[in-house]
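Number of protein chains: 2
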Amino acid sequence: MHQDRPRYVIDRPAYNLPDFDKDFDKKSRQFPVGEKVKKLFRCRINHTVNMSYTSQTTSDKLCDQIVHSPRGYDSIQSRAELFKEFFLFVSVRCSASRLKGLLFRHLPVLSWLPKYKVKENLLCDVISGVSAGTIQVPQGMAFALLASLPAVNGLYSSFFPLIPYFFMGTAHQMVPGTFAVLSIMVGMVCLRLAPEKDFIYFNATSNQTEMHEDLMNEVRLGISGTLACLTAIIQIGLGFMQFGFIAIYLSESFVRGFMTAAGLQILISVLKYIFGINVPPYSGPLAVIYTLVDIISGLPDTNIASLVFALVSAVALFVVKELSARYRHKLPFPIPIEIIVVVVATAISGPLHLPELYHMDKVGEISLGFPKPILPTVSQWEDMLSTAFSLAIVGYVINLAMGRTLAAKHGYDVDPNQEMLALGCSNFLGSFFKIHVICCALSVTLAVDNAGGTSQFASLCVMLVVMVTMLALGAYLNDLPKSVLGALIAVNLKNTLLQLSDPYYLWKKSKLDCCVWVVSFLATFFLSLPYGVAVGVGFSILVVIFKTQFRNGSAMDQIVATDIYKNPKVYSKVKSVTGVKIVNYCSPLYFANAEIFRQRVIKKTGLDPGKLILARRKFLEKEQKGKAKEEKEDKKTRRRKPSSLVTMKAQTISQLELQNDFDMNDGSANKPEPPTSYVNDIELGEQAPDQEPPSPSAVTLESQPMPFHTLILDLAGVCFIDLMGIKVLTKMNSSYSTLGIKLYLANVQAQVYEELEAGGAFDDGSIARGNLFLSVHDAVLFAQQTAGERRVSLKAEKAKQDLGFNIKEDLELVRTSSPIQTYIK
Amino acid sequence: MHQDRPRYVIDRPAYNLPDFDKDFDKKSRQFPVGEKVKKLFRCRINHTVNMSYTSQTTSDKLCDQIVHSPRGYDSIQSRAELFKEFFLFVSVRCSASRLKGLLFRHLPVLSWLPKYKVKENLLCDVISGVSAGTIQVPQGMAFALLASLPAVNGLYSSFFPLIPYFFMGTAHQMVPGTFAVLSIMVGMVCLRLAPEKDFIYFNATSNQTEMHEDLMNEVRLGISGTLACLTAIIQIGLGFMQFGFIAIYLSESFVRGFMTAAGLQILISVLKYIFGINVPPYSGPLAVIYTLVDIISGLPDTNIASLVFALVSAVALFVVKELSARYRHKLPFPIPIEIIVVVVATAISGPLHLPELYHMDKVGEISLGFPKPILPTVSQWEDMLSTAFSLAIVGYVINLAMGRTLAAKHGYDVDPNQEMLALGCSNFLGSFFKIHVICCALSVTLAVDNAGGTSQFASLCVMLVVMVTMLALGAYLNDLPKSVLGALIAVNLKNTLLQLSDPYYLWKKSKLDCCVWVVSFLATFFLSLPYGVAVGVGFSILVVIFKTQFRNGSAMDQIVATDIYKNPKVYSKVKSVTGVKIVNYCSPLYFANAEIFRQRVIKKTGLDPGKLILARRKFLEKEQKGKAKEEKEDKKTRRRKPSSLVTMKAQTISQLELQNDFDMNDGSANKPEPPTSYVNDIELGEQAPDQEPPSPSAVTLESQPMPFHTLILDLAGVCFIDLMGIKVLTKMNSSYSTLGIKLYLANVQAQVYEELEAGGAFDDGSIARGNLFLSVHDAVLFAQQTAGERRVSLKAEKAKQDLGFNIKEDLELVRTSSPIQTYIK
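In order, the protein sequences belong to chains A and B. Those letters in the first sequence? Residues 1351 to 2175, by this note's numbering. Those letters in the second sequence? Residues 1351 to 2175, by this note's numbering.
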């Protein structure tokens, strides 16, 4: 590619961190927590204003960059805007007009309505809104069936929530409305709290068991409203607490797995409408299996008329949808095939009295007019809390995802917290009018967007269409067979069910993501949806923890003639630096993997300092015992031994005396914790200051040959560290230095450095700041230099200590007994 | 420090990753999942054998390194050992003798008993065991009170579990036994399932309400045994499933917060014994508060005799413990002050009939002899599942922590899974003999260790002491006041309660760790212990997620005359590389922070590519409209405009035509998702291949000035990446390249590279492998070179396109309008 590569030529001093900081004048940056918190709150209050402010300036800047012709942009208007925004920005700082800022933030309509260009956009909005409205009506009715509610509930749900969203929504093209997954979750609660069997009574007149269907519907509408109210309160609460970020904890793999399972559940639950079978409702874990079994065993009783209606509608819907998707660019607005199918089906079934003739389930009477407002039954909230929480989160996530897609397409910003609030308020208002929980009406929103809708005026038109149906046209839909609505739902599920192939692609790309998908899918499908949310979210967070534990550290060697260090198992042209071991580790270092990290370093270096120290001590004890015995024998026999043996012993003993000192120290460091620490030995501040640094005399021990004299840990991939991680590092540092091995840390990230500092890693007796290096190569250069220096000074010291006695033999011994003779380079 | 720093001198070609891999011969390493899994299982089966094998060889190697004198180590014995181990190691591979390996693994007694050196160690073990037994007895009885059980249960709990542990335990000095925190958790279950009020009856004879105390004790013993059995089953299950690693999810901050809260709860619950007040038992959340209120309101009824007994015992215990801790080294074994206090107190209270005189609560009759075995009441398991789980985990963690401390001190290995099994079996056997759940008896274990115990023979002696009490001496403890046992518990809590100062130290060291402590403490204290475990563990895992979100990316500039790039806000002697922006990010890149990462890059570079592209398109649309209008006007007026304006327009249009092409492409890329993706636009494999790479013609757009031509992301701190992270990276890559900005990735970790590769980041049209560099400096060198080349080729192209027309003006325009004129270096 680049045959003439640039040369990498550097000639600079090697740096450790303190030197570097001094040479290049490091500034100390202090962010006290108080300041941070204050800043955070200030940011939040000014959030929207700032946001629109910055986005304005950014776009201005961008325009400046682009506009070369004077006609390009109405710059005077833009200046005026900018000035207005700036004024706003300043005024918010005065607490008097903070209210205004809050008002503009929470009612975005105040921002966009005055700027609305009637001439340009109104026509588009009306056309797109009306055509989308014709989708909203049948879809709402169909999803009401999913929620085990009368069809009219779907109309309410498609109408009332749109009012608050008009004022509060930040996504311009968004139309709130029913969403199948939410509907089926609502349906489960309705079935659980108001099961059919509660409304069966024995009619003495007809001598049959009959059902108070009206009463049941009324009760279920109440439950639905109550649930919507609770969901709304949760959403509003989360919105005010600025918990909009909660959406990011739902990983995409989880969401897709969850949605696919929900889609399958929906499909199974509409089968009974399509086949016209009566199936007792189930709820709770494994409900879907029981339902499926009942449907299969009920297949012989299929209502052929229902099935025919369903199949014909499904085919019509499918074909037209496919075609209009293909020729989308040529159509001015999408064909409202849903409403056409519904109208045609009603027109056939009604006048011919087909439902009565063939015992088909029909939609039934749709009570015209606005519903009477009701109050939520607060006492039921306890039973629906977990479902409400799932509904609140899932609805919000769907809404936000759609909003972000729209925003990215049209270049505006969506405020997550404000969206949460808007959704909450929509549900809240609706809850008094017997709606079931809504979020974004997916296909309606897409229809609006494709037909060129630009603002919430489009959803105003959707509202109008729904209102007309609710007040007048609804009566004519009386005879619509439920199986047609079932077919409508089933066809809409096409894309969801295509996701069943996700695991195949995911497996190739990332095994763990695939696991998240599968776990979410299985938990949702078999355990029910709210459980699915809990299990899926929990698992996807656990996977993050797993990932930090599966990281491999690797030993690293120098790539010949470069300053690059790589795993020798991967690259072949490497040479190891004598006397230096380099290990890298690519994971945060915290409670869940600190011990794993230590083990890995031991494995990669082949040396366990703890065991080595113990082995030494044991050896010395034996030595001492042996000595004592011998002395006894000496006294007994008074025989002279050959001088060479005496020399050897004398030498051992002189080392022994030094080591005794060290042993005392080390013994106290290793003594069992005071009973406080059931935890694997913790030291906190002054509480347990008994882990002393090795005494200086221990240093002389290093004349015993070690396989390496410096261990360099490449911490580039360690992106954060907690107290456990710091403890492990300092412990390693002290045990290695006891053995005379230097522990160097290279490539420490700036934030990790701060954490190390705060966590006391550089306190007295712990890691010396001078042992931190800018890069592995810097560390290696220092290690090589220091090793040379040390060797020389050691020799001198030794010479002094032994008064020139036996040095040669000693060195000779070291050289022959250890395979690493060359570490004095 | 090092005044003569080594020089860092390098002269090598700059590398991008593909070149580097080619030059240095990268080997491809494939680990198919099947292989990995197989390896894992093989490892697990041979785990212990391998472990002892490697530890043996390691220590051998170490000895070789150390032993210079021939007397140093009994090398012949070691060779024999080694051979035996090797034989074992080989034999396990044959499936016939796998059983033997499993036997050795699960019954460590087979390994240590044959090697036991009777002469050296037996005396020590007996002395330490007997003295520790005198602690075990009163402590067991005291903790039985905490568990709301009769004192004799404490003796059972201190005896039966020791039998399986003798055979199965891997920690040599460990003595299993009662642990206060577990006892109080058991007590809560006992109170909940067998509350006192169930055993109150109206005695017609005495005309008073009385209590079937014997019956209640019997029922509670049954509950305790049932709970122990369930806990044991959970532990054995986890042990067999190799879930020993579960302990690492309990971060130290959590454990300390939890333990401190438990300690406070224990203190509050023994106050009633100390003051001799009758307090109704509570359980569930806030129980501790109700208890505290009752105790305070009951203080006027304090039983002075109880209080005096308690205070005197407490002072005696405290003083002697402090003194013996101070003079530990001078004492052959710890003073058994617990048993002394108990004996003295009994000796005073019994003969003088003090309990009857002063209405003091006394221990009451201790039924001598072994208990009759009972069967667990399986039907109660449902009610105690969550507590059993907490008990299983907490008990295991305490046990393992102590075991590891001992192992580190004495240089042997503790097998976590085997410990889990051993603990489970201990509880399992005990559960048939009415014990309550046990783990490691902390102070007893420490006593054994301090007195020089070396093996499980010590705990055999502890068992003997307990048995003697159970069979004979127990009868004499009848008159022991409960307040003495209360004082014993309270004094033992000293160290736990000292931990209340933890947050003070933690806050200074790490704010988040402090939060974990506080949350764990509060949840445990106020909500009850099992809730505390759930909340604490959940929160400490969430904190890990938070940490990855609080990471700051930072812009980086070159430190003058080096290859080092640092944050210019921190270092002052920096110079920015013209035309190149460098941003680093120090966190894994995954679903919870991928979007945060993108925003941060936008913030640090000051350029939002998405918005810029949109702004461009809008500008072009306006331009086109304006053009159309003008053309109309042109046609109407047929007037000639001055030639300069025509030129300018012609030039704009020629760019326009190019951009139209790009716009079409881009338009299709930005079109709303098909209804599948409620999720923020996902592309999976072949499912949605519509995000095409920008067409080649788009490249020419870059002649419009950008603030920089290359963006380098330093990914050293990115330690893993998931599919969401990859998607964000590829999206950024495509949008930047649309704008003509090159996206270079530097310092990509090896494992992250593999993840990128598997996740399809290098597929056609995504990130080019050539844009990955070994270091930031390599990337900068390439960027500078390429920028120069590109500029030249662009000039040539431009020249060809415009046929030499207006180039100079064009370039002039670029130079004057943009602040970055110098990016051709």
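Read the hints as simulated data drawn from the structure, not as lab findings. Some clues are possibly wrong.
Since the list gives no way to pick out one identical chain from another, each pair is judged satisfied if it fits inside one copy or across any two copies.
[Stated by the list, open to error] With a straight-line cut-off of 27 Å between C-alpha atoms, the simulated DSSO-like cross-links for lysine-lysine are:
hint	residue 1	residue 2
1	LYS1859	LYS1897
2	LYS1858	LYS1897
3	LYS1671	LYS1759
4	LYS1897	LYS1861
5	LYS1897	LYS2081
6	LYS2081	LYS1968
7	LYS1547	LYS1961
Here's how the hints hold up against the structure:
1. LYS1859 <-> LYS1897: Close inside one copy (15 Å) and across copies (26 Å); limit 27 Å.
2. LYS1858 <-> LYS1897: Within one copy only: 17 Å inside a chain, 29 Å across chains, cut-off 27 Å.
3. LYS1671 <-> LYS1759: within (23 Å within a copy, 73 Å between copies)
4. LYS1897 <-> LYS1861: For LYS1897 and LYS1861, the Cα distance is within 27 Å both inside one copy (11 Å) and across copies (24 Å).
5. LYS1897 <-> LYS2081: Answer is both: 25 Å inside a copy and 24 Å across each meet the 27 Å cutoff.
6. LYS2081 <-> LYS1968: within (21 Å within a copy, 61 Å between copies)
7. LYS1547 <-> LYS1961: neither (71 Å within a copy, 57 Å between copies)
Hint 7 from the earlier list is the only one contradicted by this structure; the remaining hints agree with it.
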